[in-house]
Amino acid sequence: MPLEFSAQSRARVEKALAQYPNKQAALLPVLHVAQDEFGHLPDEVLELVARTLELAPAHVFGVITFYTMFHREKHGRNELMVCTNVSCMLRGAYDMLHYLEKKLGIKAGETTPDGAFSIVEEECLAACANAPMMICGNQYFLDLTEKKLDTIIDDLRKRWQDRNPAGGAPGGGAATRTLFGIGPLPGAGS
Amino acid sequence: MSWEEAKDVKIVTKNFGVPDSHKLSVYQQRGGGQAFRKALSLQPAALVDEVKKSNLRGRGGAGFPTGLKWSFIPKGLPKEAPVYLVVNADESEPGTCKDRELLAFDPHLLIEGMLIASYALGCKHAYIYIRGEMMREAEIVEMAIEEAYAAGLLGKDLPAAGGAGTFKLNITLHRGAGAYICGEETGLLNSLEGKRGWPRLKPPFPAVKGLFQAPTVVNNVETLMNIPDIVMRGGEWFANLGMGKSGGTRIVCVSGHVAKPGVFELPMGIPFRSLIYDVCGGIPGGRRLKGLIPGGSSMPPLDASELDVPIEFDALTSDARIKDVELKPGVPYDMGGGKRLKTMAGSGGIVVFDDSTDVVALCARIMKFYAHESCGQCTPCREGSGWLARVCARVARGEGEAGDIDLMANIANGIAGNTICALGEATTWPMLGFLTKFRADFEAKLKLSAKARAA
Numbered sequence: 001m002p003l004e005f006s007a008q009s010r011a012r013v014e015k016a017l018a019q020y021p022n023k024q025a026a027l028l029p030v031l032h033v034a035q036d037e038f039g040h041l042p043d044e045v046l047e048l049v050a051r052t053l054e055l056a057p058a059h060v061f062g063v064i065t066f067y068t069m070f071h072r073e074k075h076g077r078n079e080l081m082v083c084t085n086v087s088c089m090l091r092g093a094y095d096m097l098h099y100l101e102k103k104l105g106i107k108a109g110e111t112t113p114d115g116a117f118s119i120v121e122e123e124c125l126a127a128c129a130n131a132p133m134m135i136c137g138n139q140y141f142l143d144l145t146e147k148k149l150d151t152i153i154d155d156l157r158k159r160w161q162d163r164n165p166a167g168g169a170p171g172g173g174a175a176t177r178t179l180f181g182i183g184p185l186p187g188a189g190s
Numbered sequence: 191m192s193w194e195e196a197k198d199v200k201i202v203t204k205n206f207g208v209p210d211s212h213k214l215s216v217y218q219q220r221g222g223g224q225a226f227r228k229a230l231s232l233q234p235a236a237l238v239d240e241v242k243k244s245n246l247r248g249r250g251g252a253g254f255p256t257g258l259k260w261s262f263i264p265k266g267l268p269k270e271a272p273v274y275l276v277v278n279a280d281e282s283e284p285g286t287c288k289d290r291e292l293l294a295f296d297p298h299l300l301i302e303g304m305l306i307a308s309y310a311l312g313c314k315h316a317y318i319y320i321r322g323e324m325m326r327e328a329e330i331v332e333m334a335i336e337e338a339y340a341a342g343l344l345g346k347d348l349p350a351a352g353g354a355g356t357f358k359l360n361i362t363l364h365r366g367a368g369a370y371i372c373g374e375e376t377g378l379l380n381s382l383e384g385k386r387g388w389p390r391l392k393p394p395f396p397a398v399k400g401l402f403q404a405p406t407v408v409n410n411v412e413t414l415m416n417i418p419d420i421v422m423r424g425g426e427w428f429a430n431l432g433m434g435k436s437g438g439t440r441i442v443c444v445s446g447h448v449a450k451p452g453v454f455e456l457p458m459g460i461p462f463r464s465l466i467y468d469v470c471g472g473i474p475g476g477r478r479l480k481g482l483i484p485g486g487s488s489m490p491p492l493d494a495s496e497l498d499v500p501i502e503f504d505a506l507t508s509d510a511r512i513k514d515v516e517l518k519p520g521v522p523y524d525m526g527g528g529k530r531l532k533t534m535a536g537s538g539g540i541v542v543f544d545d546s547t548d549v550v551a552l553c554a555r556i557m558k559f560y561a562h563e564s565c566g567q568c569t570p571c572r573e574g575s576g577w578l579a580r581v582c583a584r585v586a587r588g589e590g591e592a593g594d595i596d597l598m599a600n601i602a603n604g605i606a607g608n609t610i611c612a613l614g615e616a617t618t619w620p621m622l623g624f625l626t627k628f629r630a631d632f633e634a635k636l637k638l639s640a641k642a643r644a645a
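Protein sequence lines correspond, in order, to chains F and G. Under our numbering, read the first sequence as residues 1 to 190, first letter to last. Under our numbering, read the second sequence as residues 191 to 645, first letter to last.
Please keep in mind that the hints were generated in silico from the structure rather than gathered at the bench. From a predicted model like this one, the values you see are computed outputs, not experimental measurements. Just so it is clear, CB atoms sit at the ideal spot from N, CA and C, and this is done for glycine as well. Some clues are possibly wrong.
[As the list claims (entries may be wrong)] To spell it out: a stretch of chain G is covered by chain F in this simulated footprint if at least three of its residues, at any positions, have a beta carbon under 8 Å from a beta carbon of chain F; those stretches are:
(1) 367-381
(2) 539-548
(3) 559-568
Start from the sequences, fold in the hints, and give me the full structure.
Right under this line is the structure:
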């Protein structure tokens with residue numbers, strides 16, 4: 001049986017479709033919905049999206065592979081996006097990246113065997129005044145130090161273990177995206 | 191007005207630091223919403239004129255006059271013909287971190303700016319294209335949009351002096367998915383249409399054929415957030431605040447080697463020296479300033495002798511105190527009516543680096559960025575940015591070869607002017623800029639690698 005969206009995702013798809021004069025324009029929003037539900041975008045998900053929006057699978061493939069946030073392969077539950085661009089580089093971003101790599105035993109671009117973490121070397125994430133920094137889901141981690149990274153990783157791992165008591169199989173990538181709550185806002189500087 | 195006199199004026203950051211500044215109730219308590227009510231009592235054409243008078247220039251990087259851009263929307267369109275306003279919130283120029291904070295702190299100021307702009311332009315549906323990685327900001331803006339719908343500001347016919355006597359706007363938040371090129375306005379439009387973010391050939395310009403082939407204005411977040419104050423206090427007031435043909439204030443994002451990095455709303459025209467030593471507390475660790483990037487990583491850098499130039503759009507392209515960026519002799523290069531390339535104010539992202547910095551490695555990191563973000567559509571940029579990244583990286587590693595400086599200049603000159611969009615120039619400018627202003631650093635690296643090879 002071909003893959004289908006859950007009722008909840010279907011509602012999000014319908015809402016997206018209502019925002020545009022044609023179905024194709026809803027492609028990015030629908031891909032976000034699909035990745036939230038299925039974790040990544042393998043062929044069967046790609047075909048589901050193409051079918052839903054009446055698009056050629058080749059077009060959907062072209063779009064998925066153009067954008068760095070869409071994944072064809074499984075990614076870790078906690079995607080640590082570490083900026084190493086100029087502002088962060090000047091304030092030690094590569095030291096932070098290498099510390100994380102050593103701590104988690106993986107290189108940038110890889111996922112830990114338990115599926116808990118992926119490390120991504122990112123381009124500028126627009127928090128230059130608080131360099132070095134990284135994002136995980138919707139959380140910004142600013143003014144990083146090695147000590148801060150230790151705490152962050154411990155917290156994220158604990159949260160991940162609480163959700164996966166048996167060390168469960170990693171599935172969706174949406175886990176870190178539901179932690180919304182407006183915490184302290186970034187420092188304005190002035 | 192001199193920049194000292196305009197020191198304390200805050201327009202787009204006036205609600206920063208106010209508790210719950212992202213909520214509509216707080217926004218309204220602080221006077222928000224009056225400008226939109228006033229705008230509805232005016233004719234749309236009068237609003238466009240006021241914005242023209244204000245000398246407001248695009249804050250995304252190019253500094254194009256906003257009122258002029260608005261006036262390019264064709265006149266006399268049939269009433270039902272769609273016109274779109276698209277907000278460029280795809281902030282990703284390295285060194286720039288203002289729009290993210292503006293969206294988080296004051297989303298209702300953006301919505302009010304959009305309401306006024308849409309009324310002036312005859313737009314019925316506006317889109318905010320927000321960078322995919324900014325998930326929390328997307329949630330804050332989405333909440334603000336929902337509040338505005340609930341309050342009847344959006345999605346409801348409101349009595350208006352112009353047009354058909356009523357005005358109604360819908361706003362959709364559209365999340366990107368990780369591609370720097372979608373900050374280029376036509377790449378953004380393609381992305382919004384569900385395609386790869388490949389920039390379009392211009393003409394036709396978006397004002398004639400933009401989103402869904404309809405007339406479209408694409409404006410930066412900060413640009414639109416200036417509109418309510420222009421309506422309330424007048425274009426002349428705004429123009430007088432600024433310097434020359436640049437009205438208003440300027441947000442700068444200062445990062446790198448300064449004691450107090452941050453996002454600051456400052457008077458247009460404040461010199462770099464005052465910014466770094468007075469506002470940002472100077473260079474820490476007893477070090478000396480080596481140079482800075484004046485407006486996002488696409489812009490040619492300045493060296494320590496060029497700090498007295500005012501931070502203003504036209505000054506940075508023409509001030510005689512800034513050295514020309516050397517272009518290869520014999521290769522014609524035109525910018526802004528035949529002017530030689532100096533630099534540009536760009537996005538306001540100022541990256542300061544001290545004398546401990548490996549400038550070649552810094553330049554190589556910038557080249558790596560452009561090679562990664564080149565969309566692959568045209569050959570000079572797709573191939574050239576990769577070549578620059580690889581050659582510059584080998585020079586930085588101390589593995590460079592004798593002719594590498596000329597090679598990099600040559601490649602850069604082969605990209606500039608030969609691509610569909612400005613990402614080609616954005617790669618070229620810093621490359622040639624670093625080679626011109628910090629040539630000694632590159633030569634020192636090459637000398638070291640020659641020595642290592644001889645040993």
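Cross-check of the supplied hints:
| no. | hint | result |
| --- | --- | --- |
| 1 | 367-381 | holds (count 5) |
| 2 | 539-548 | holds (count 4) |
| 3 | 559-568 | holds (count 4) |
Against the hints set out earlier in the document, no violation occurs for any number.
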